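Trainee: Taken in order, these protein sequences are the chains called A and B. Here the first sequence stands for residues 0 to 106, where the numbers follow numbering that gives the first Met the number 0. Here the second sequence stands for residues 0 to 198, where the numbers follow numbering that gives the first Met the number 0.
Read the hints as simulated data drawn from the structure, not as lab findings. Any given hint could turn out to be false.
To be verified - Which stretches of chain B does chain A cover? Using the computed rule of at least three CB atoms under 8 Å from a CB of chain A, they are:
#, segment
1, 40-52
2, 61-68
3, 80-89
4, 133-147
Stated by the list, open to error - Derived lysine to any residue pairs resembling SDA-like cross-links, with alpha carbons at most 25 Å apart:
#, chain 1, residue 1, chain 2, residue 2
5, B, 191, A, 94
6, B, 191, A, 67
7, B, 191, B, 95
Here the structure is a predicted model, which means the values were calculated and not measured. Beta carbons: idealized from backbone N, C-alpha and C, even for Gly.
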Amino acid sequence: MNSLADFVLVSAILFGIGVYGLVTKRNALRLLFAVELMINAANLNFVAFGQYLPLAQAAGPSAVGQTFVLFSIALAAAEAAVILAIVVVAYRLHQDVDVSELNSMKG
Amino acid sequence: MLSSTLLTCWRFRPRRKARSTRSSWTQRRGSPPTADAIFLGMLAVTVGGAIMALEAKEIVYGAIGLAGSLFGVATLFFLLDAPYVAVFQIAVYIGAVAVLILFTVMLVRQEKWAKELPTGSLARVAGIATGLAIAVAIALAAAATGLFNSTTTNPADFVRIGELISTSYAPVLEVLALVLAASIVAALTLSKVEREENA
Numbered sequence: 000m001n002s003l004a005d006f007v008l009v010s011a012i013l014f015g016i017g018v019y020g021l022v023t024k025r026n027a028l029r030l031l032f033a034v035e036l037m038i039n040a041a042n043l044n045f046v047a048f049g050q051y052l053p054l055a056q057a058a059g060p061s062a063v064g065q066t067f068v069l070f071s072i073a074l075a076a077a078e079a080a081v082i083l084a085i086v087v088v089a090y091r092l093h094q095d096v097d098v099s100e101l102n103s104m105k106g
Numbered sequence: 000m001l002s003s004t005l006l007t008c009w010r011f012r013p014r015r016k017a018r019s020t021r022s023s024w025t026q027r028r029g030s031p032p033t034a035d036a037i038f039l040g041m042l043a044v045t046v047g048g049a050i051m052a053l054e055a056k057e058i059v060y061g062a063i064g065l066a067g068s069l070f071g072v073a074t075l076f077f078l079l080d081a082p083y084v085a086v087f088q089i090a091v092y093i094g095a096v097a098v099l100i101l102f103t104v105m106l107v108r109q110e111k112w113a114k115e116l117p118t119g120s121l122a123r124v125a126g127i128a129t130g131l132a133i134a135v136a137i138a139l140a141a142a143a144t145g146l147f148n149s150t151t152t153n154p155a156d157f158v159r160i161g162e163l164i165s166t167s168y169a170p171v172l173e174v175l176a177l178v179l180a181a182s183i184v185a186a187l188t189l190s191k192v193e194r195e196e197n198a
């Protein structure tokens, strides 16, 4: 079996790539990709730490980590839907998805 | 605080190097370490897909790379003895989110979406430095926990997940349902207003 360290390192790499995308990219869709990668890194950490948690109580294995990830995935889906709608509207209004050009809140 | 963290990592580091995953596998099971090969392959798919998502010239290929990366994470969930989460990840992320992104990109395909402005080299260096710094910080912080070298898993069956969702976290589930409904209504409203303006 792999150790917890393996999964945490994968998660750290994914999160680092997501941060790199957030810092360098200006295309709104690339920013969405970067945010999705960071969310996935967090989910991976949730499941990994949940699985490797020592049995502290006699209550049996805890599934809290996996439960949180289910909630997180559903939230990320909702977030992606809203961001895509905003991107489409911004494109129709400004003819551009460069976030450095979108500087007015007026429709 | 930080120095103690670093010290703890330093103390843990030699032990992690000394204990090889491969040897512990063969000692306990006596079978070839296929799980290690799968892990390494899926690590490559996950990281490669993530890089492709951000660096591909055409944004359509970026979306495909994102789907590949999400699939790699789903496989890692399988390796973590969490098949329910893995299947949920495939169904929701690859089945819904990635396809939604692909359809959006391909329906509203324009020059400016497809070709991206080149990133300046200074911004690229700054981005790589920031990403590396944060990744190393996360890894060090995780190495400071006592769990870091643990290989004993504690698999939870999904009956327990169902119990948790329907008892302790039932209010969370209901709020989540409201948030999903609100987001769908918001997305519909955004596109509907725009269509009226165009007409």
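Trainee: Take the hints in turn and mark each one as holding or not.
Mentor: Status of each hint after checking the structure:
1. 40-52: With 6 residues close enough to chain A, the hint holds.
2. 61-68: holds (count 4)
3. 80-89: holds (count 6)
4. 133-147: Since 9 is at least three, the answer is holds.
5. 191/B <-> 94/A: holds (18 Å)
6. 191/B <-> 67/A: Violated, at about 33 Å.
7. 191/B <-> 95/B: holds (21 Å)
Hint check: a violation occurs at hint 6 only; the rest are consistent with the structure.
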